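Here the sequence shown is numbered in the numbering used here, starting from 170 and rising by one per residue.
Incorrect hints may appear among the rest.
Claimed, not checked - Derived CB-CB ranges, DEER-like:
| hint | residue 1 | residue 2 | range |
| --- | --- | --- | --- |
| 1 | GLU187 | GLN378 | 21 to 31 angstroms |
| 2 | SER212 | ALA299 | 52 to 62 angstroms |
| 3 | PRO357 | MET308 | 24 to 34 angstroms |
| 4 | LYS226 | ALA284 | 23 to 33 angstroms |
For the record, the hints were derived by calculation from the structure and aren't laboratory data.
On a predicted model such as this, the values are computed, not experimentally measured, just so you know.
The beta-carbon is built from N, C-alpha and C at its ideal position, and this holds for glycine as well.
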Amino acid sequence: MATGRTHRPATRSRGIPEATVARLPLYLRALTGLSERSVPTVSSEELAAAAGVNSAKLRKDFSYLGSYGTRGVGYDVEYLVYQISRELGLTQDWPVVIVGIGNLGAALANYGGFASRGFRVAALIDADPAMAGKPVAGMPVQHTDDLEKIISENGVSIGVIATPAGAAQQVCDRLVAAGVTSILNFAPTVLSVPEGVDVRKVDLSIELQILAFHEQRKAGEEAAVAEAADVVVPPVRPAGNGRKGPDGDMPAVMPA
Numbered sequence: 170m171a172t173g174r175t176h177r178p179a180t181r182s183r184g185i186p187e188a189t190v191a192r193l194p195l196y197l198r199a200l201t202g203l204s205e206r207s208v209p210t211v212s213s214e215e216l217a218a219a220a221g222v223n224s225a226k227l228r229k230d231f232s233y234l235g236s237y238g239t240r241g242v243g244y245d246v247e248y249l250v251y252q253i254s255r256e257l258g259l260t261q262d263w264p265v266v267i268v269g270i271g272n273l274g275a276a277l278a279n280y281g282g283f284a285s286r287g288f289r290v291a292a293l294i295d296a297d298p299a300m301a302g303k304p305v306a307g308m309p310v311q312h313t314d315d316l317e318k319i320i321s322e323n324g325v326s327i328g329v330i331a332t333p334a335g336a337a338q339q340v341c342d343r344l345v346a347a348g349v350t351s352i353l354n355f356a357p358t359v360l361s362v363p364e365g366v367d368v369r370k371v372d373l374s375i376e377l378q379i380l381a382f383h384e385q386r387k388a389g390e391e392a393a394v395a396e397a398a399d400v401v402v403p404p405v406r407p408a409g410n411g412r413k414g415p416d417g418d419m420p421a422v423m424p425a
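All chains, full assembly: derive it from the sequences and hints.
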């Protein structure tokens, strides 16, 4: 079976925009759900709604991949699953190492979705000698002293960093020096990498802070609506002095 060290996805060389690449996994997830329900075809509108994008953007994204739809019929779900998987490089085996087997690293190791999406956890690595040999998710944890050897023997090109922030850059440097060219970073720090190395950052605290912003804004809007509802508007009084003339209220001051 091919490994990640000898094959790279063709998307970059074909000029597919990064924004489109970022949406391909959304389409694939929606299509996989349809496939599991034995849905044979899907329209662009239905697939766009399932993926959380608009149909015009979906059709534009698919134009970079080729024309896979049939007018009046829609997209063949199984065929599109294969085509997007191929574009993403998921029709081959990608060995991955996870460095940092604390609570987060252990949770990632136990995640069952890697294998079904084309990724194989090749090794779990930690700097704590007490962790060496300890089984996590059915695999023995290995020490960071063996990091370079592990990467070489398993043909690893994707590394996952789940270490504390202070150790992340050093781990990153060692991964890159050993031949890793793609890194998924869970450490709360920005990594410096050379040209040709791709880094994707997942920062849970930042995502929570963004949600807190939206919650605060919604609370402010609700408070403003409630305050506006409580304002008592005084009745409009007639402009005159209360005396009635033949044509209605008399003005308070009559012209000379």
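Verification of the supplied hints:
Separated by about 24 angstroms at the C-beta atoms, GLU187 and GLN378 satisfy the suggested range of 21 to 31 angstroms. In this structure the supplied range 52 to 62 angstroms holds for SER212 paired with ALA299, their Cβ-Cβ distance being about 55 angstroms. A C-beta distance of roughly 26 angstroms is found between PRO357 and MET308, which places it inside the suggested range of 24 to 34 angstroms. In this structure the hint that LYS226 and ALA284 lie 23 to 33 angstroms apart at CB holds, the actual value being about 30 angstroms.
This entry satisfies every hint, going by the numbered hints stated previously.
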